[in-house]
Amino acid sequence: MSRTVARLLAESLEAHDVDQVYCVPGESYVGLTSFLLERNSIRVIVCRHEAGAGYMAVADGRLRDRAGVAVVSRGPGLSNAMVSLHSAYHDATPLVMLVGQVERGDFGRLALQEQNYSRLLSDITKQVIEVNEPEQASEAMARAFHIAESGTQGPVAVILPEDIFDAETQAEPALPRPRVIPGPRAEDLDRLADMLAKAERPLVLVGGALWADAVHDDSVFADINRFAEEWVLPISPTHRRPQLFDATHPNYGGYMGIRVPPALIGEMKKADLMLALGERMTDTVSQSYTFPKAPQPQLPFVHVWPDANEVGRVWRPDLGIPASPHEVIKALLKRGAPKGGQKRRDWVAGLNAIYRKLLAKEWEPTSDGVNFAAVVCEVDKHLAPDATVTTD
Numbered sequence: 002m003s004r005t006v007a008r009l010l011a012e013s014l015e016a017h018d019v020d021q022v023y024c025v026p027g028e029s030y031v032g033l034t035s036f037l038l039e040r041n042s043i044r045v046i047v048c049r050h051e052a053g054a055g056y057m058a059v060a061d062g063r064l065r066d067r068a069g070v071a072v073v074s075r076g077p078g079l080s081n082a083m084v085s086l087h088s089a090y091h092d093a094t095p096l097v098m099l100v101g102q103v104e105r106g107d108f109g110r111l112a113l114q115e116q117n118y119s120r121l122l123s124d125i126t127k128q129v130i131e132v133n134e135p136e137q138a139s140e141a142m143a144r145a146f147h148i149a150e151s152g153t154q155g156p157v158a159v160i161l162p163e164d165i166f167d168a169e170t171q172a173e174p175a176l177p178r179p180r181v182i183p184g185p186r187a188e189d190l191d192r193l194a195d196m197l198a199k200a201e202r203p204l205v206l207v208g209g210a211l212w213a214d215a216v217h218d219d220s221v222f223a224d225i226n227r228f229a230e231e232w233v234l235p236i237s238p239t240h241r242r243p244q245l246f247d248a249t250h251p252n253y254g255g256y257m258g259i260r261v262p263p264a265l266i267g268e269m270k271k272a273d274l275m276l277a278l279g280e281r282m283t284d285t286v287s288q289s290y291t292f293p294k295a296p297q298p299q300l301p302f303v304h305v306w307p308d309a310n311e312v313g314r315v316w317r318p319d320l321g322i323p324a325s326p327h328e329v330i331k332a333l334l335k336r337g338a339p340k341g342g343q344k345r346r347d348w349v350a351g352l353n354a355i356y357r358k359l360l361a362k363e364w365e366p367t368s369d370g371v372n373f374a375a376v377v378c379e380v381d382k383h384l385a386p387d388a389t390v391t392t393d
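Here this note's numbering runs 1 ahead of the position in the sequence shown, where the first position is 1.
Just so you know, these hints were derived from the structure itself, not from any lab.
Some clues are possibly wrong.
[As the list claims (entries may be wrong)] Here are the simulated DSS-like cross-link-like pairs (lysine-lysine), alpha carbons at most 25 Å apart as the crow flies:
| hint | residue 1 | residue 2 |
| --- | --- | --- |
| 1 | 199 | 340 |
| 2 | 382 | 335 |
| 3 | 335 | 270 |
| 4 | 344 | 331 |
| 5 | 340 | 362 |
| 6 | 271 | 294 |
[Claimed, not checked] Cβ pair distances, simulated, as ranges:
| hint | residue 1 | residue 2 | range |
| --- | --- | --- | --- |
| 7 | 109 | 372 | 55 to 61 Å |
| 8 | 366 | 31 | 51 to 57 Å |
| 9 | 180 | 50 | 39 to 45 Å |
Don't be surprised by glycine CBs; every beta carbon is placed ideally from N, CA and C.
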């Protein structure tokens with residue numbers, strides 16, 4: 002059946018379960034906007050600025066672990082949205098951004114607001130896909146979602162010339178590609194279990210890839226709790242992922258993010274093993290690449306992340322496991338906790354005590370009259386347990 006590319010793109014978005022897109026309307030993709038509004042199956046959320054549209058799509062992708070979708074016009078529109086691409090790239094958040102482009106016949110002529118997006122976006126996207134033929138549109142969309150949501154997740158830009166939306170094509174909407182979830186090898190699990198059994202002061206960091214698992218499987222939270230309790234381990238959520246472990250749990254080891262308080266990071270540095278479960282390991286988590294020290298950690302380091310290309314990219318881990326962190330946790334729980342884990346109770350309790358002491362601190366007014374630590378503590382008293390907090 003013949004259909005316009007605008008219709009094909011809309012049907013491709015529907016096939017990938019997209020229920021809303023974020024945009025600032027622009028003339029370079031008006032054909033797509035018109036069809037989306039006419040079809041009325043996908044909510045079109047109009048924003049005041051492309052950066053806002055991009056960040057809303059990033060938040061959508063982060064909260065639901067599927068690519069959020071933003072649509073922006075060429076030139077200034079895309080330039081305004083680039084900060085959100087940068088954020089998604091650094092935070093490993095799935096995002097698909099549809100970008101309008103000049104008409105195909107005007108490529109290379111310095112047409113109004115023309116840019117070379119493959120070069121412009123090469124450092125802040127996983128891939129830039131340019132659609133130059135109507136028959137490519139559906140396949141390009143399927144590839145974009147697959148790349149954005151696979152391995153180390155991130156943003157993909159799909160470039161759509163202005164004159165392609167009304168073009169006719171016989172292509173059918175491409176079905177979503179299955180998401181491949183890597184599992185751990187038995188020999189890696191054996192070694193990890195042995196390292197945990199021997200450690201007296203282990204530190205477990207939990208991060209973004211574990212949150213991605215949790216979006217699809219609620220048992221992640223119960224399994225993390227069991228892992229902490231049965232194996233007697235302190236759990237430290239990392240930057241932007243505080244929701245992964247209950248801060249009131251006795252095995253809570255403190256938040257591992259920007260500027261960890263000296264008393265807490267000082268105790269953490271006494272660890273004799275670090276296990277990063279689903280944490281990509283960035284400068285904010287590693288205290289500017291000092292804990293663990295890059296490239297050679299100063300303590301035994303195990304890195305679990307669902308992408309072999311990321312494991313070992315910055316740090317040299319003693320053990321790297323390119324797998325779903327939840328699959329690793331489930332496999333360890335199935336094996337059962339080793340004997341002797343009780344030796345770590347004082348270590349776990351000590352970290353938790355330092356964290357609780359920090360919470361109990363009385364914050365004094367500052368010279369300008371506002372102590373933002375006190376503000377945060379007061380706001381915390383009024384928030385629901387499942388509240389979503391946005392910070393700048």
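Comparing the hints with the structure gives:
no. : hint                   : in the structure
1   : 199 to 340             : holds (10 Å)
2   : 382 to 335             : violated (38 Å)
3   : 335 to 270             : violated (30 Å)
4   : 344 to 331             : holds (23 Å)
5   : 340 to 362             : violated (37 Å)
6   : 271 to 294             : holds (14 Å)
7   : 109 to 372: 55 to 61 Å : holds (57 Å)
8   : 366 to 31: 51 to 57 Å  : holds (54 Å)
9   : 180 to 50: 39 to 45 Å  : violated (32 Å)
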